[in-house]
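Work the whole structure out from these sequences, hints included.
Residue numbers (this note's numbering), protein chains in the order written: chain E, 1 to 204; chain Z, 1001 to 1155.
In short, the hints are calculated from the structure, not lab data.
Among these hints, one or two may not hold up.
[Claimed, not checked] Lysine-lysine pairs mimicking BS3-like chemistry, simulated, CA-CA at most 25 Å apart:
id, chain 1, residue 1, chain 2, residue 2
1, Z, Lys1066, Z, Lys1108
2, Z, Lys1127, E, Lys123
3, E, Lys199, E, Lys151
4, E, Lys123, Z, Lys1048
5, E, Lys115, Z, Lys1048
6, E, Lys164, Z, Lys1048
7, E, Lys147, Z, Lys1087
8, E, Lys131, E, Lys100
9, E, Lys155, E, Lys182
10, E, Lys158, Z, Lys1040
11, Z, Lys1155, E, Lys131
12, E, Lys62, E, Lys123
13, E, Lys164, Z, Lys1051
14, Z, Lys1146, Z, Lys1136
15, E, Lys158, E, Lys147
16, Z, Lys1087, E, Lys195
17, Z, Lys1105, Z, Lys1138
18, Z, Lys1108, Z, Lys1087
19, E, Lys131, Z, Lys1106
20, Z, Lys1153, E, Lys123
21, Z, Lys1127, E, Lys164
22, E, Lys151, Z, Lys1087
23, Z, Lys1066, Z, Lys1127
24, Z, Lys1051, E, Lys131
25, Z, Lys1051, E, Lys155
26, E, Lys115, E, Lys151
27, Z, Lys1153, E, Lys131
28, E, Lys100, Z, Lys1106
29, Z, Lys1051, E, Lys123
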Amino acid sequence: MLKEKKVLFPLLFLAFIVVVGSFSYNFYKIILSEGNCDTKTRLANELGGEIDLLDQNNRRVKLSNQAGDISLIYFGYSYCPDICPYDLERNAYVKDIMDKLGKKINLVFVTLDPKRDTSVRLKEFSEYIHKDLIALTGTEEEIEAIKDSYKVYGKSNKKDLTDKTYLVDHSTFTYLTDRNGKVLTFFNRRATPEKISEKMLCFL
Amino acid sequence: MFITNLKTGCFFLLLIFIIQISFDVPKKSFAQSEQLKITKPYIKVIGKNAKSAAGYMVIENLGGEKITLFEAVGDFGFTMLHTSEEKDGVVSMIHLDNVDIEKGKKVKFVPGGLHIMFVGITEDLSKASTKNILLKFKNSETSFTKTISFEVKAK
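Rendered as structure tokens:
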């Protein structure tokens, strides 16, 4: 009995070391893989494309002509009171982080509500969000085409659009794209500015 | 212990009793609106001439029964009680007729959740520092109102 105990304890201790060791190794690997720039995180399917719309200064702008090589694009509407401002403020914070690092990126907002979001309205809106925000609007057909290429969902919650108080249900993903608008990856609402910045640096 | 004899012991018991009573009595005689504690009221306004905005606050029910918020009124546009709901990355706003605050509980109106939705805003709220909002509540017996000064946050 005593002899068995003598063997059992070192064995149990060894098993404990192995379990804890392998667990921490795997855990470490997961943390490491989240931090690195695994190219597998690039989207396999083709999403996105060139954006050619009117900005808040009523000028026609193309995504491919902007100063930054990559863009952080959010789709929403300026009348959105509770969701869009916070998502856009987070993206604006990412822009500030990139500015500090000396990296040029484009901070872009595309309206899903072109009826109400005129250039004039977008100018007031963009002044609040960030001085470098590129806020874009267009005809309903143009916006529909972009929604389709980025697979964005946006739909008014009222059938009667003469009622000016309608809201728009919409997807809240933020897309990271290259110069031509090809989507590299995307983020949900819960992604922190730090996480987005880290991922962004992989593509710069 | 410094309570060495019966006399001091009794004195302390009496003292504790009096303290308890003095805290208890006003609680029971609270007016209905006093049963609600509203903290951190603010309206987030996005830019000049914004036509919509969202109001947030924390409501705490200190009373002994459930209280329901059923309306909010401002003098600068229409208001509605809303909650934002996210499903598969799509956010929708759900209109609520009532927001219940159970006894002893707190209900938080926060970004991405419950909020007072202001639409059809008729003035430039970015120029205001505060705005009064009339909140209408009811319990099992009666309805009552509370006017709260909301801080306007427009940067």
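Hint check:
1. Z:Lys1066 <-> Z:Lys1108: Within the cut-off at roughly 15 Å; holds.
2. Z:Lys1127 <-> E:Lys123: 17 Å, holds
3. E:Lys199 <-> E:Lys151: 21 Å, holds
4. E:Lys123 <-> Z:Lys1048: The given pair, whose Cα atoms are some 9 Å apart, holds under the 25 Å limit.
5. E:Lys115 <-> Z:Lys1048: 19 Å, holds
6. E:Lys164 <-> Z:Lys1048: 18 Å, holds
7. E:Lys147 <-> Z:Lys1087: 18 Å, holds
8. E:Lys131 <-> E:Lys100: The hint holds at about 15 Å.
9. E:Lys155 <-> E:Lys182: Measuring from Cα to Cα gives roughly 24 Å; hence the hint holds.
10. E:Lys158 <-> Z:Lys1040: Roughly 32 Å separates the two Cα atoms, so the pair is violated.
11. Z:Lys1155 <-> E:Lys131: 13 Å, holds
12. E:Lys62 <-> E:Lys123: 18 Å, holds
13. E:Lys164 <-> Z:Lys1051: 10 Å, holds
14. Z:Lys1146 <-> Z:Lys1136: This hinted pair holds, its Cα atoms lying about 7 Å apart.
15. E:Lys158 <-> E:Lys147: The given pair, whose Cα atoms are some 19 Å apart, holds under the 25 Å limit.
16. Z:Lys1087 <-> E:Lys195: 22 Å, holds
17. Z:Lys1105 <-> Z:Lys1138: 16 Å, holds
18. Z:Lys1108 <-> Z:Lys1087: 21 Å, holds
19. E:Lys131 <-> Z:Lys1106: 38 Å, violated
20. Z:Lys1153 <-> E:Lys123: With Cα atoms ~19 Å apart, Z:Lys1153 and E:Lys123 stay inside 25 Å; holds.
21. Z:Lys1127 <-> E:Lys164: Status holds; Cα separation ~23 Å.
22. E:Lys151 <-> Z:Lys1087: With a Cα-Cα distance of about 16 Å, the restraint between E:Lys151 and Z:Lys1087 holds, given a limit of 25 Å.
23. Z:Lys1066 <-> Z:Lys1127: 37 Å, violated
24. Z:Lys1051 <-> E:Lys131: Holds, at about 21 Å.
25. Z:Lys1051 <-> E:Lys155: 19 Å, holds
26. E:Lys115 <-> E:Lys151: 20 Å, holds
27. Z:Lys1153 <-> E:Lys131: Satisfied, since the Cα-Cα distance of roughly 18 Å is no more than 25 Å.
28. E:Lys100 <-> Z:Lys1106: Given that 25 Å is the threshold and the Cα spacing comes to 41 Å, the pair is violated.
29. Z:Lys1051 <-> E:Lys123: 14 Å, holds
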